[in-house]
Amino acid sequence: MSWIEANGVTVVRSGRRIVNNVSMRASAGQFVGLIGPNGAGKSTLMSALAGLLLPDYGSVTIDDRAVTEYDRRELARVRAYLPQSPRAEWPVSVERLVALGLTPQLPVFGRLPAAMREQVSAALGIVDMLDHRDQPATTLSGGELARAMLARALVGDPTTLLADEPLAGLDPRHALDSVHRLRKLADAGKLVIASIHDLTLAARYTTDVAVMREGSLVAFGPTRQTLTSALLRDVFEVGACVSDAGTLGAIVDFVPSPVYA
Amino acid sequence: MVSRRAWPWLAGLLLFVGVLLSLGLGRVWLEPTVLFGSILEPEPTLAWLILSELRIPRTILGILVGASLGLSGAALQGLLRNPLAEPGLLGVSSGAALGAVIAIYFGLSASFALATPVLGITGAIVAAILTLSIGRGGTLTMILAGVAVSGLMGAGLSLALNFAPNPAAAYEITIWLLGTLESRDWHQLYLAAPFMLLGWACLILTIRDLNALTLGEAQAESLGVNPARTRLFALAGTALSVGAATAVTGAVGFVGLIAPHLVRPFVGHEPARVLFPSALFGAILLLFADVATRTIPTGGQELRLGVLTAIIGTPFFFWLVVKLRRMSP
Amino acid sequence: MNALKYLTAAAFACFSLAACTGDDKPDTRKIAVWSKPQRIMSTNMCNDLLLLMLVPKERIASVTYLAHDAVEALMPGADAGIPINHGTVEEVVRQKPDLILASPWSTPVMRRLAREIGAPVVEIDSANSFDDIRRITRQVGYLVGEPERAEALISEMDRKLASLEHELPDRPLEVVSWSAGNAVPGKGTLTDEIIRVAGAVNLAAKMPDDTFSSYGIEELVMAQPQALLRGQTDYREPSFRNAVSEHPIVRRAFDGRRITYPVFLHTCGLPQSVDSAVQLRAALAELPSGAATW
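Protein chains in written order, with the working numbering: chain A, 1 to 261; chain B, 1001 to 1329; chain C, 2001 to 2294.
In short, the hints are calculated from the structure, not lab data. Please note that the accuracy of each hint is not assured.
Chain C side only, calculated, beta carbon under 7 Å to chain B, not exhaustive [claimed, not checked]:
hint: 1; residue: Val2201
hint: 2; residue: Gly2216
hint: 3; residue: Glu2218
hint: 4; residue: Val2221
These stretches of chain A come out as covered by chain B in the derived footprint (C-beta under 8 Å, 3 or more residues) [as the list claims (entries may be wrong)]:
hint: 5; stretch: 71 to 78
hint: 6; stretch: 83 to 89
hint: 7; stretch: 100 to 107
The calculated label-pair distances, taken between Cβ atoms and stated as ranges, are [as the list claims (entries may be wrong)]:
hint: 8; chain 1: B; residue 1: Gly1012; chain 2: A; residue 2: Leu130; range: 53 to 59 Å
hint: 9; chain 1: A; residue 1: Arg16; chain 2: B; residue 2: Val1307; range: 38 to 44 Å
hint: 10; chain 1: B; residue 1: Arg1136; chain 2: A; residue 2: Gly249; range: 48 to 54 Å
hint: 11; chain 1: A; residue 1: Gln84; chain 2: B; residue 2: Leu1010; range: 41 to 47 Å
hint: 12; chain 1: B; residue 1: Leu1197; chain 2: A; residue 2: Asp134; range: 36 to 42 Å
Being a predicted model, the structure only gives us computed values, none of them experimental. Think of the CB as a built atom: it goes at the ideal place given N, C-alpha and C, for glycine as much as any other residue.
Just need the whole structure built from these sequences, with the hints factored in.
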């Protein structure tokens, strides 16, 4: 079992509290959807949870150890982080790109050892990118690149996956595909925390939601109970209608107020 | 074209040919049998003198300088994830140039044999410290700081030329800036080599980080890379190796830019794979350029090394920009 | 089409206009010296020295700031009390000379303003041979109204030249004026002639190409001159000096075989250039015998 815990995490920039006293705890088996309007501080919170950003107040612990106590490489093995819109900077093959997820153990020169090749193949298999393994990463489409990066994150078999907007810019088919995979990973025993803009997908596939507004965590709990119309109306300041949250048939509608009619 | 497996042999052959040409050709033509036969002569002959005191140190220095430029260029292109990056970006070459020019300007080079390279290396280190301290907090900031430091050093150079004590000094400064391996001797090699080797060590230490940076800084950091440390080592490595190189030879550009591009068709784009081949090709490029400066008939005036690399490098740069423009979305 | 014609006409007009206002250089032969110029200004170091040698101080308007060191070496105190100029046009206007001795690169602005204040500008060449020196000294002597002084200086120079020729050394030494492979004076330069007059052979004169060429260390090693000459800009007497910054083999081989000369005696067209040849002859006589050892 493993968990991530945030304790009073606060991040201040230019006098503003971008993340304001957020405390939450998520454990393995959960797929936490981090939702909230733009500027709510989701990306900053994700960076802090990943240990890449030191909060001005508060702390983040993974498995009861402060994230700051982990050696960088150890941390890399325990948790994987995917930033927004990840890019491949050089046209390396998809296989080499995914293999970079094993950087702490990767030999610098020469071919991949057989054991690592298998790990890469397994990761490529999970995201269904085996056909593209020799293709230069810069020639992949948006959806393919997102899948390849996901494979990169999974290749080291981390216990926790933190993904910032992994569905951004994907076609409906690929978005459904990816969010389905993420849920499967959680079901298989990993802890997945992902910030998601598409609330319908969040309502359908996440096990829990963490809702942020102006830096504060306004709600955190199982999707079915937490993701309500009232909460969304409050947070997004627009009429919302949520039905069947937490099931595959969930729908989140935004209802235009009479002003727009 | 040449297959991937054959390229190390090709490179080795080119280096070997380059060394032979560099030892065998010069302003004075000596029969190869006489030249190389002089090694066996019991008494030192004129040919041996030319070989041992002039051509051998020049060849070794050419290899070291070319390798430093290639290695640093590849490291910086990997660090900045930009195929147009080159060692001059960090202000280190200009710092070395200013240090050397100060030695010439104040007449130190006339009274103390190694004044020019020593002050050159000092200038490179000062420039690197400036770039590092101003440019904390990110790769972009570091580049901007490097450009600013380059500008500052350039202003100093212009000042030195403006107030040169006499036309001969101004000429000496200008001509030094154009870069050359002519009349470089063992002492300068002994002085510069340790710095270059130390610089190489720093650059090589970044190799793993450079690969991870293919994923961008955020992901690389999540994989255990410390970007500040990578930047520090890249900067220190460039300052030591390219600084020492420039301090001894003057400003020789474009080699650091071109060498990584020459090797990428053979070894791929992964920064770690590009690093050592770039050093090798940098050495080959510089050797051949140096041989060319000695053999191209110029009607009297010496063709300076920096001038030749600029003449060859600029069209290559144009081609590179056009190619990149076509490739980018 | 109309636009093109208009543009062509405009361009043509501009060019013709420029040609009309272009400066023509005064031909010194046409200048009639009615009386000796009373306020002569020199804007070039070489001309400064000639002027100071030929003309009394009262008739000199100014000399350049560069002249002082050379004057101290040649004729100490000769420039005391004489105003300085920096070769700027403002000084020309302010000092109101009636003759300006300039270098061949004077600017059109200077020439135009000088014409406006009524001062002829004469461009004096630099010398590449003793014949040039005679011609230039005579030219300046005529312009400043002291032709006899000029002739006296030239005779003195010719006398020294004759005595040098009279006592040529038995074996001419081979030398080259060399400083780390930079421009080396070859045939057709004053340095070359001075070396010849001093009784030595200028190795650089054998190069087929230009008057100034680069002569690398390899050539030096193969040619093996017996001494190296070096132009110094600090105007001291020629001396045996070691230039530390050179390549070790050059340093070792030419230890004690270096002769320096004041550069200005080789670039300006001064009668005193013959003194450089005299000094060179003396210095060569004191060289250690035999060839340079490597």
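Hints, one by one, checked against the model:
1. Val2201: Hint violated; Val2201/C Cβ to chain B Cβ min 19 Å, cut 7 Å.
2. Gly2216: Holds - the Cβ of Gly2216/C comes within 7 Å of chain B, reaching about 4 Å at its closest.
3. Glu2218: holds (4 Å)
4. Val2221: Result: holds, 6 Å to nearest chain B Cβ.
5. 71 to 78: holds (count 4)
6. 83 to 89: holds (count 5)
7. 100 to 107: holds (count 5)
8. Gly1012/B with Leu130/A: 53 to 59 Å: Given a distance of about 37 Å, which is not inside 53 to 59 Å, the answer is violated.
9. Arg16/A with Val1307/B: 38 to 44 Å: About 55 Å separates the Cβ atoms of Arg16/A and Val1307/B, which means 38 to 44 Å is violated.
10. Arg1136/B with Gly249/A: 48 to 54 Å: holds (53 Å)
11. Gln84/A with Leu1010/B: 41 to 47 Å: The hint (41 to 47 Å, Cβ to Cβ) holds, given that Gln84/A and Leu1010/B are roughly 43 Å apart.
12. Leu1197/B with Asp134/A: 36 to 42 Å: Check passed, 38 Å falls within 36 to 42 Å.
Violated hints for the displayed structure, listed by number in ascending order: 1, 8, 9.
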